[in-house]
Amino acid sequence: NAGVTQTPKFQVLKTGQSMTLQCAQDMNHEYMSWYRQDPGMGLRLIHYSVGAGITDQGEVPNGYNVSRSTTEDFPLRLLSAAPSQTSVYFCASSYSAERYTEAFFGQGTRLTVV
Amino acid sequence: GDSVTQMEGPVTLSEEAFLTINCTYTATGYPSLFWYVQYPGEGLQLLLKATKADDKGSNKGFEATYRKETTSFHLEKGSVQVSDSAVYFCALRPGNQFYFGTGTSLTVIP
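Protein chains in written order, with my numbering: chain R, 1213 to 1326; chain P, 7 to 116.
For the record, the hints were derived by calculation from the structure and aren't laboratory data.
Just so it is clear, the structure is predicted and the values come from calculations on it, not from any experiment.
Heads up, some of the hints might be wrong.
Interface residues of chain P toward chain R, partial, derived using beta-carbon atoms under 7 Å [stated by the list, open to error]:
{"hint": "1", "residue": "P46"}
{"hint": "2", "residue": "L50"}
{"hint": "3", "residue": "T57"}
{"hint": "4", "residue": "A59"}
{"hint": "5", "residue": "K62"}
{"hint": "6", "residue": "K66"}
{"hint": "7", "residue": "G101"}
{"hint": "8", "residue": "N102"}
{"hint": "9", "residue": "F106"}
{"hint": "10", "residue": "T108"}
We treat Cβ as the ideally placed atom computed from N, Cα and C, and that holds for glycine.
Just chain R, with the same shape it has in the complex (with noise of 0.2 Å):
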């Protein structure tokens, strides 16, 4: 049992290329999240997915692209990067949307935009 897995763990771009985080989870989960960590800032949420074929708008959206086509796979899309979305990125899961299910978390893709 894998559970949340995330690649690459780093990157680096340039400004201005494109690029996809991929995220996979075996555990069956309904809800998958995308967040971002920046120093200071905590955990901002990016995009969420309450199933396959659902997806919605975090605190954070602009720039980033997600979709769900499957309940395992969540992936990020950095449409054009800027050097602002240099960032540490962590896709989460949890079982389902209800308040009471907690988040498994993968372990981060560092990504560099220079």
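For this one, chain R is given, so just place chain P on it according to the hints.
This is chain P only, laid out in the frame that chain R set:
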């Protein structure tokens, strides 16, 4: 709106000292409350949770009680160890979204 305010760090304690990290929240309805721990270079791991008022979550010697009257969920441990050095996040889940505090860095020195 929904939010979490967490005690700012960093916090440095000697081994076997008592730990308190304060967390207060603002939320509508009946949220669940969580404490997560993050070790260097890793993702967040659930430490404990409470889903209703007066519930006490506990794990690995850590405890926190859901206090609706004071809108608080303070994390405590009676005797910290060097291995407890990490960043601790308080989190709130009133519905389908989570809201996280900014994190409190704890360093325990021998």
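Evaluation of the provided hints:
For the restraint placing P46(P) at the interface with chain R, the shortest Cβ-Cβ distance is roughly 11 Å, beyond the 7 Å limit, so the hint is violated. A distance limit of 7 Å between C-beta atoms decides the matter here; for L50(P) the minimum to chain R is near 4 Å, and the interface restraint holds. Satisfaction of the interface hint for T57(P) is found here, the shortest Cβ-Cβ separation to chain R being roughly 4 Å, below the 7 Å cut-off. Among the interface hints, the one on A59(P) is violated; its C-beta lies about 13 Å from the nearest C-beta in chain R, farther than the 7 Å criterion.
For K62(P), the shortest C-beta to C-beta distance to chain R is roughly 15 Å, which exceeds 7 Å, and the interface hint is violated. The interface hint given for K66(P) is broken, as the beta carbon of that residue sits about 15 Å from the closest beta carbon of chain R, more than 7 Å. Because the closest C-beta pair between G101(P) and chain R is about 6 Å apart, less than 7 Å, the hint holds. Nearest Cβ of chain R to the Cβ of N102(P): about 4 Å, under the 7 Å cut. The hint holds.
Taking 7 Å as the C-beta contact cut-off toward chain R, the hint placing F106(P) at the interface holds, the least distance being around 4 Å. The beta carbon of T108(P) comes within 4 Å of a beta carbon in chain R, closer than 7 Å, and the hint placing it at the interface holds.
Violated hints, in rising order: 1, 4, 5, 6; the structure is consistent with all others.
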